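Trainee: For reference, the chains in residue letters:
2 protein chains.
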Amino acid sequence: MEYTEEILVERATNTKIHDVDFSNLAFGKIFSDHMFVCDYEGGKWQQPKIVPYQPFSLEPAAKIFHYGQSIFEGMKAYRDADGSVFLFRPMDNCKRMNISAKRLAMPEIPEDYFMNGLKELLKIEKDWIPTAEGSALYIRPFMFATGHGFHASPADTYKFVIAFAPSGPYFTGKVNVLIEEKYSRAANGGVGYAKAGGNYAGQFYPTHLAKERGYHQVIWTDDTTHEYIEEAGAMNIFVRINDTLLTVPTSERILDGVTRKSILKIAEDEGIAVEVRKIKVAELIEAAENGSLMELFGAGTAAVVSQISAFGYKGKDYKLPELKDTFGARLKKRITDIQTNKIEDPFGWRVKVC
Amino acid sequence: MEYTEEILVERATNTKIHDVDFSNLAFGKIFSDHMFVCDYEGGKWQQPKIVPYQPFSLEPAAKIFHYGQSIFEGMKAYRDADGSVFLFRPMDNCKRMNISAKRLAMPEIPEDYFMNGLKELLKIEKDWIPTAEGSALYIRPFMFATGHGFHASPADTYKFVIAFAPSGPYFTGKVNVLIEEKYSRAANGGVGYAKAGGNYAGQFYPTHLAKERGYHQVIWTDDTTHEYIEEAGAMNIFVRINDTLLTVPTSERILDGVTRKSILKIAEDEGIAVEVRKIKVAELIEAAENGSLMELFGAGTAAVVSQISAFGYKGKDYKLPELKDTFGARLKKRITDIQTNKIEDPFGWRVKVC
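First to last, the sequence lines map onto chains A and B.
Just so you know, we're using my numbering here: the first sequence kicks off at 1 and counts up by one.
Just so you know, we're using my numbering here: the second sequence kicks off at 1 and counts up by one.
Certain hints may be false.
Note that the list lumps identical chains together, so a pair holds whenever it fits in one copy or between two copies.
[Stated by the list, open to error] Dumping the calculated SDA-like pairs for lysine to any residue here, alpha-carbon to alpha-carbon at most 20 Å:
no., residue 1, residue 2
1, K211, P107
2, K261, T250
3, K265, K278
4, K29, S153
Just so you know, the hints here were simulated from the structure itself, not pulled from any lab data.
Computed from a predicted structure; not experimentally measured.
Assemble the whole structure, with the sequences as input and the hints as a guide.
Mentor: Here it is, written out as structure tokens:
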């Protein structure tokens, strides 16, 4: 046992790192040697710990199994050519995690528990950060209800965890999407803006149906009219019409994505015309038909930018043009170059850990 | 080890039953000695087992912690004066669990696994069924994703469990509710009709806000207009205007409650005028103001019927009359008398287990 700042550290007796093929990583399937864990009990957060990555033991009546109190974040760490370790806008994830916590009636995490836990764990696990193009150390902060009982009410105890997964690219290749006409991911006055587990479970079946029809992902539309596009799978959505980049405003139904807002800032910095406003499916169809629809892409931490090659709507398929130079690729390159310390960061987003 | 039909039974070495005060039970806080467990792996359900009630060991990356794949049912078992054990419409819960499973992209449970597991577990645990007025053995079938990985996609392994909690009444006393004007529990095209964990987590915060204002529960309204009432907390809602009993139709946003449909059937059998149709908040207010609003109650397995004494809307409170004989009490008595084998069951709902 050792202490790093106020964190109790219990080291793994063996490392699994030599079993890992870092040149051929899948996404989120291999986990590093240690994790950060902090329990919430008796109305307060207990001793923060870094311990070997290991299973949790949970009562069958633990509320996570019954009442869906679970939230998470997705982040990445990068290592540059000198071996220095960087995070990207980590405080934004911390703040959003607490926004999610509040909506799910879970305790908020003190920012220093989140940030110190993350940084100390990164220092211990820095050899786990892959450096191959398109790879990164995927970081998963998450919290769930451990308190037990069958009464439908919030738990009295919770577990906050940060775990690491050295990962390759999330998607490979271009993506063919279906604009959803029936199913929805979020209600007005619901939890769509939170990174809550239940938001994802609800997407799997409609996505499965779309896959059966030959699509990779679903473009979510508003649940009232299905006339407005909202998100692309588990990502925010961007549309390029002629040379204007469009995205929809965040709302109680739409996640305030870190990649989304970084793209908006970079686009502005690069002089790309940007509009943040509601986007009708009809506008997308019209633009596809008159040739002004240039690009469609999803934006999120896991894939950064995921270019869409075609979309289906009401039984008809629309192909996007195959451009040589896309806004998507250009914006993705600038973000990842900033993240990996290859270029200057005029926005103050990169945080050096060690 | 022993086998009961095709179920492998591992008996607990000690019983906890002598530690339990059956005359003073809370709801869902004490669990019986055994549980039924069946794992789904490699595309099929594995050996069903009855084992001692004990914690589960789960990987930190298990999808239950991240992507919300969890569903459940609520049922009860009763013991009559002769010691015979009964279930109430158990196949309805089994069928609904599979409807939930499908929507959450989880594997469906074969009906015989569900029913045999439940019955064999009940035979072993029959001494755990409380017999005091208002008490019952609460039965919690549930399923969650055990497969792990940070990719946002359905798990490849699941655990189906049935656990028992000898329980006293869910609510005590009359309930003061708030008609919700901002938050919602379900989207059109969402998962509101499923008993999915995430549906409950999303209710806790709005319910907490209502509690801060002096209410016990929230009456949910449609997420598009908030003009129509939909559910009462985690229960279906019934309204009595003059001598007509009203409830809203089930939909993709509203749970098809077993108690709800039993009440409709009994009301019809007893010659009570029933209307199943959309109910506007405005209609409720008007009826409260002109004196025709007689009763408001929630209906669900846990509480059976939960009579509402007052409701708040747009800053104003409306009191329900204090009637001597309510439809709610009368319907609750008939249901519980059928459940506990005190009266004839003309509907074929009661299932004798042993």
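Trainee: The structure should be examined with respect to each hint, and the outcome stated for every one.
Mentor: Going through the hints against the structure:
1. With identical chains, the CA atoms of K211 and P107 are at most 20 Å apart between copies only, with a shortest distance of 17 Å across copies and 37 Å within one.
2. Within a single copy, K261 and T250 get their C-alpha atoms as close as 10 Å, which meets the 20 Å cut-off; across copies the closest is 40 Å, which misses it.
3. With identical chains, the CA atoms of K265 and K278 are at most 20 Å apart within one copy only, with a shortest distance of 19 Å there and 46 Å across copies.
4. For the homomeric pair K29 and S153, the shortest alpha-carbon distance between copies (12 Å) is at most 20 Å, but the shortest distance inside one copy (33 Å) is not.
In summary, this structure violates none of the numbered hints.
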